[in-house]
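Participant: Based on the sequences and whatever the hints tell you, model everything.
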Amino acid sequence: MSDLLSIALELGLKEDEYSRIVKILGRQPTKTEIAMYSVMWSEHCAYKHSRKLLSKLPKSSPYVLQGPGENAGIINIGEDKAIALKMESHNHPSAVEPFQGAATGVGGIVRDIFTMGARPIASMNSLRFGNLSNPRQRYLIDGVVDGIAQYGNCIGVPTVGGEIYFEDAYAENCLVNAMCVGLLEGEKIIMSGAAGPGNLVILMGSKTGRDGIGGCSVLASEEFDETSANKRPSVQVGNPFMEKLLIEAVLELKGKDLLVALQDFGAAGITCSSCEMSSKGEAGMELDLDKVPQREPNMAAYEMMMSESQERMMAVVTPEKLEQFMEVCDKWEVPASVVGKVTDDGMVTIRHKGRLEAQLPSKSLTDDIPIYCPEAKEPPYIKEVQSFDPLSLKEPDDLNEALLSILGSPDVASKKWVYSQYDHMVQTNTLLLPGSDAAVVGIKGTNKAIAITTDCNGRHCYLDPYEGTKEAVAEAARNIVCCGGKPLAVTDCLNFGNPEKPHIFWQFSQSIEGMIEACKALDTPVVSGNVSFYNESFGEAIYPTPTIGMVGIIEDIKHITSIAFKEGDAIILLGETKAELGGSQYLKVIHNKISGKPPAVDLEKEKSLQEAVLAAIKQGLVSSAHDSSDGGLAIALAKCCIAGGVGAWISLEYNNLSFAQALFSESNSRVIISCKADNAQKIQALCENNKITCQNIGQATGQSLSINNTINLPLGKLRDVYEKSLEKQIVGGKS
Amino acid sequence: MAKAKVFVTLKEGILDPQGQTVENALKNLGYNNVSNLRIGKYITLDIEGDNTKKELEEMSHKLLANPIIEDYQIEIEG
Amino acid sequence: MAKAKVFVTLKEGILDPQGQTVENALKNLGYNNVSNLRIGKYITLDIEGDNTKKELEEMSHKLLANPIIEDYQIEIEG
Amino acid sequence: MKFGVLVFPGSNCDTDCHWAVSELGQEVDYIWHHQTDFNGYDCLILPGGFSYGDFLRSGAIARFSPVMKKVKQYAQTGGLIIGICNGFQILLEAGLLPGAMKRNDSLKFICRHVNLKTENNQTSFTNKFTHGQVVSIPIAHNEGSYFADEATLKVLKENNQIIFRYCSETGNTSEKYCPNGALENIAGICNKEGNVLGMMPHPERAMSDMLGSSDGRMVFESIIAASLQGRGKRDE
Ligand SMILES: Nc1ncnc2c1ncn2[C@@H]1O[C@H](COP(=O)(O)OP(=O)(O)O)[C@@H](O)[C@H]1O
Ligand SMILES: [Mg+2]
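Protein chains in written order, with numbering that gives the first Met the number 0: chain A, 0 to 734; chain B, 0 to 77; chain C, 0 to 77; chain D, 0 to 235.
Derived from the structure by calculation, the hints contain no laboratory data. Even glycine gets a Cβ: it sits at the ideal position worked out from N, Cα and C. Check before you lean on any hint, since a few could be wrong.
[What the hints assert, rightly or not] Facing chain B, a subset of chain D residues (Cβ under 8 Å, in silico): (1) Gly52; (2) Leu55; (3) Ile60.
Facilitator: Next comes the structure, spelled out in structure tokens:
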């Protein structure tokens with residue numbers, strides 16, 4: 000085997016991929032070039048295994064200004080304003096070093112947003128860990144939350160919500176998915192395509208060090224023997240202070256129209272940004288690495304090309320505007336240096352110490368990549384779990400106890416311990432504090448607000464990736480509707496195992512199928528996203544976890560609706576409860592079982608339910624709304640009571656179901672509404688019009704939750720269990 | 000009983016944004032002769048027993064330092 | 000050029016919740032022989048010139064430590 | 000009247016403070032941390048955020064910004080200054096207010112609404128409050144545990160310089176209602192002369208019921224009223 004081929008293999012390229020490189024170039028690649036191909040053709044950058052399926056997702060709608068492909072998707076919300084949204088994973092770095100992994104995850108996603116010229120206005124995060132009885136899991140969540148908090152708080156972007164689940168399947172592969180939303184004012188969007196031969200290429204932000212190039216150290220022995228392994232930290236450290244300065248500098252540069260193009264540094268640093276900017280701009284780029292500001296002495300070319308040092312960006316600027324550009328950077332104390340120029344030859348050319356280190360056709364790195372369509376095969380566990388009948392289990396004698404156990408289980412319990420560590424109020428736009436179905440962020444200067452949510456029930460996706468993913472989209476939309484918003488667009492983060500395994504690829508393709516259907520049915524195009532494969536250890540994959548981030552528009556802030564019951568309100572249940580205990584919290588917590596068919600989603604029903612709820616809210620008929628999801632109706636009712644500081648007197652009709660099913664089934668397409676008694680009839684009429692089942696189930700009153708005289712729990716007890724359980728388990732390790 | 004000190008420092012090559020910012024601040028105050036400033040932790044404690052050296056090693060490795068990004072040094076007095 | 004170290008510690012008598020938390024964590028790990036654990040800052044830097052002692056005093060007093068709640072100690076090597 | 004909101008690298012509540020006083024119909028400018036020659040302001044606001052990343056200690060680096068010299072002069076000549084959160088920390092580090100700020104005793108950042116008891120309503124910052132009034136204003140900080148030595152505390156009390164204390168909904172200021180370990184539940188203090196206030200809670204985040212409370216308005220309304228009465232001094 001040739002030396003070069005073995006380097007290529009060590010860097011993760013396949014033998015035929017290497018041959019392809021030789022064919023493209025018509026010569027042997029240099030080592031630096033191999034390194035560049037290895038990252039650009041990696042799954043992470045090239046989407047080799049997912050590209051084909053992802054291309055089928057619905058992406059367009061009249062209000063979509065930018066679909067997938069740029070740093071973030073952008074949707075128009077009228078009044079000359081637009082919203083940028085994007086979600087991304089930082090799973091692996093967070094498993095290695097939870098604090099820095101999560102912090103740099105936030106940093107990266109926030110950069111994606113302001114790179115487009117949008118001011119970041121809200122962050123969210125979707126987290127998965129293993130069981131909290133294990134000290135390592137407590138260490139992970141503590142570090143991850145701290146990392147998100149310290150980074151997000153420092154840059155002044157409110158972290159307004161998210162979700163957290165705990166399942167053994169994530170013990171070795173925690174998930175940290177971060178989402179950011181930005182506001183664009185005016186027409187202008189900054190794009191990443193390098194244009195205009197002769198224009199200058201500028202590197203701005205932090206200096207380049209040897210961060211995150213662990214995998215490439217295979218090249219070290221060739222080029223740089225004296226460096227010890229210990230000088231090659233693979234952990235990236237974030238500097239939120241620099242990020243804050245970058246945000247302000249970039250937005251000022253945009254305001255003064257000093258940018259031709261801009262790209263943040265994601266994975267693979269300079270390599271990725273130079274190749275993508277050239278390729279998108281149908282241009283080339285010449286860089287001189289000697290001009291790259293370096294944090295450490297004697298960096299080799301490949302080290303600079305691969306470095307993942309954080310808080311860096313690449314800008315293209317016309318020579319006439321250079322001086323003004325530098326003035327803005329100086330003002331914000333952001334280091335910036337000219338490192339090269341745009342060319343018209345379509346090549347990325349890299350020089351270092353007078354030596355030509357790489358010269359590659361930019362398209363070959365971004366477009367002309369190997370695409371795989373692996374085999375998909377249904378895993379055997381599917382038949383087994385789906386044939387399990389939850390009714391075969393004995394129902395607990397004490398349903399009050401059962402309710403409390405579910406309410407206090409970490410998946411369901413209040414995430415206050417988490418969100419009180421996040422500054423969720425900075426920017427003074429947070430119109431619904433954490434605790435409702437979606438976060439609501441006002442848009443100053445208008446009467447509008449946006450609603451943001453992230454959703455995915457990994458357990459349901461594991462039991463049926465197709466239905467589970469449909470449900471994730473449906474629930475996200477339902478959460479937005481319950482807050483008074485109309486769902487607009489989706490960003491996703493698809494977390495799966497190794498796609499080269501047929502069982503995993505089956506999960507993935509089923510999941511995409513479900514997402515396509517649901518996004519089409521609910522008119523929520525996918526405008527950006529991210530795929531994270533290979534979330535496996537010891538051959539065991541995580542649950543398929545296609546996290547859905549969704550943004551909706553609230554046309555008038557007076558439509559904003561919380562989940563809090565108000566004393567005296569009538570309580571109405573919209574939608575039908577079915578015998579759907581499969582994959583429920585009830586099975587998990589009470590019977591210690593993760594099995595069964597998860598609840599199905601009838602997308603047409605879902606759509607009409609959401610229309611009915613939104614219409615009722617817009618007509619001013621509704622005083623609170625909450626969707627019933629994890630834990631079922633009983634848990635949803637308890638949360639509405641706790642939020643409102645009022646009890647409820649409930650009488651459910653449940654026909655052919657058992658009482659436990661009525662309480663804990665997780666059937667989709669259900670919403671609990673409360674309203675002034677006079678409005679109940681109008682809401683019923685709306686439901687009839689939309690062919691939605693609607694039941695008047697009781698009244699908000701008193702200081703305890705009573706359901707059919709069987710559940711009888713004082714509000715204080717409910718609140719105690721709901722609000723304190725998570726902290727007890729994280730801090731005290733008690734369950 | 001012995002008094003012990005543990006010095007926890009960021010590994011070489013790991014970015015120290017705090018150190019950098021403080022160094023810049025000193026420069027702005029006119030101390031241009033300062034460089035390479037890094038900030039770590041200085042932990043002092045009392046410890047009983049005869050196995051202190053080994054135990055301090057363990058504690059540092061397990062808890063006081065984060066071996067992925069930090070190094071530590073131990074000093075035991077009297 | 001000299002290498003210098005500045006140790007910044009909370010004044011005696013001022014509560015150190017971080018030190019306490021770490022001490023408790025060590026106790027939970029079974030190290031019951033540890034007490035009086037306190038956490039300060041360990042700043043290392045390179046400094047040029049002949050007036051380093053005085054300058055380090057100034058820097059520490061002005062910026063590196065807050066004299067209301069912290070003490071500092073300076074060590075200069077070589 | 001005219002407010003000036005200081006902007007340090009890393010400030011992140013500057014726009015919120017700007018917005019808050021604009022909401023009350025007042026004129027307002029940003030003042031850049033390099034500026035040394037501003038004038039014409041009736042009140043300066045040092046906003047919250049993470050000036051210089053809050054590295055080392057919060058406020059420690061910002062207090063050496065060129066603008067701070069002028070801020071000191073402004074204080075000495077009787078101008079009104081309010082430091083909120085990081086702004087409070089900067090005022091402490093700069094010696095414009097006595098004491099120091101330590102890390103929260105929970106070692107965690109805390110963001111939530113808290114209740115405050117108005118201990119002194121006779122100041123330029125609290126004249127719209129009633130004595131002992133309990134208000135709800137959010138906090139959001141990591142280093143908010145106020146500390147002062149005994150002698151300083153005694154002086155603070157003698158001069159009625161303690162303006163806000165953390166308390167229960169009913170105004171109980173016992174330690175268990177202190178979110179961060181602050182000495183005697185202190186949330187806000189002023190200088191002896193009464194023209195410089197520092198407070199950890201964010202009044203600019205409590206400007207309307209939609210934000211969860213409108214109690215913060217009273218702080219800015221008090222300043223406006225004081226200024227109309229000629230308290231403070233316009234710096235010309
Ligand atoms: N990782 C997180 N970060 C911030 N907020 C979170 C996180 N997880 C949950 N939350 C917040 O806690 C509240 C309740 O979350 P969840 O239990 O998922 O609600 P629901 O079941 O109504 O969807 C929401 O406001 C949510 O945004
Ligand atoms: Mg939800």
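Participant: Hey, does the D:Ile60 contact hint survive, CB to chain B under 8 Å?
Facilitator: At 4 Å from the nearest chain B Cβ, D:Ile60 passes the 8 Å test, so the hint holds.
Participant: If you take the shortest Cβ to Cβ gap from D:Leu55 to chain B, is it below 8 Å?
Facilitator: With a closest approach of 5 Å, the D:Leu55 hint holds.
Participant: Verify the interface restraint on D:Gly52: the C-beta must sit less than 8 Å from at least one C-beta of chain B.
Facilitator: Hint on D:Gly52: holds, closest Cβ of chain B at ~6 Å, below 8 Å.
In summary, the structure agrees with every hint in the numbered list given earlier.
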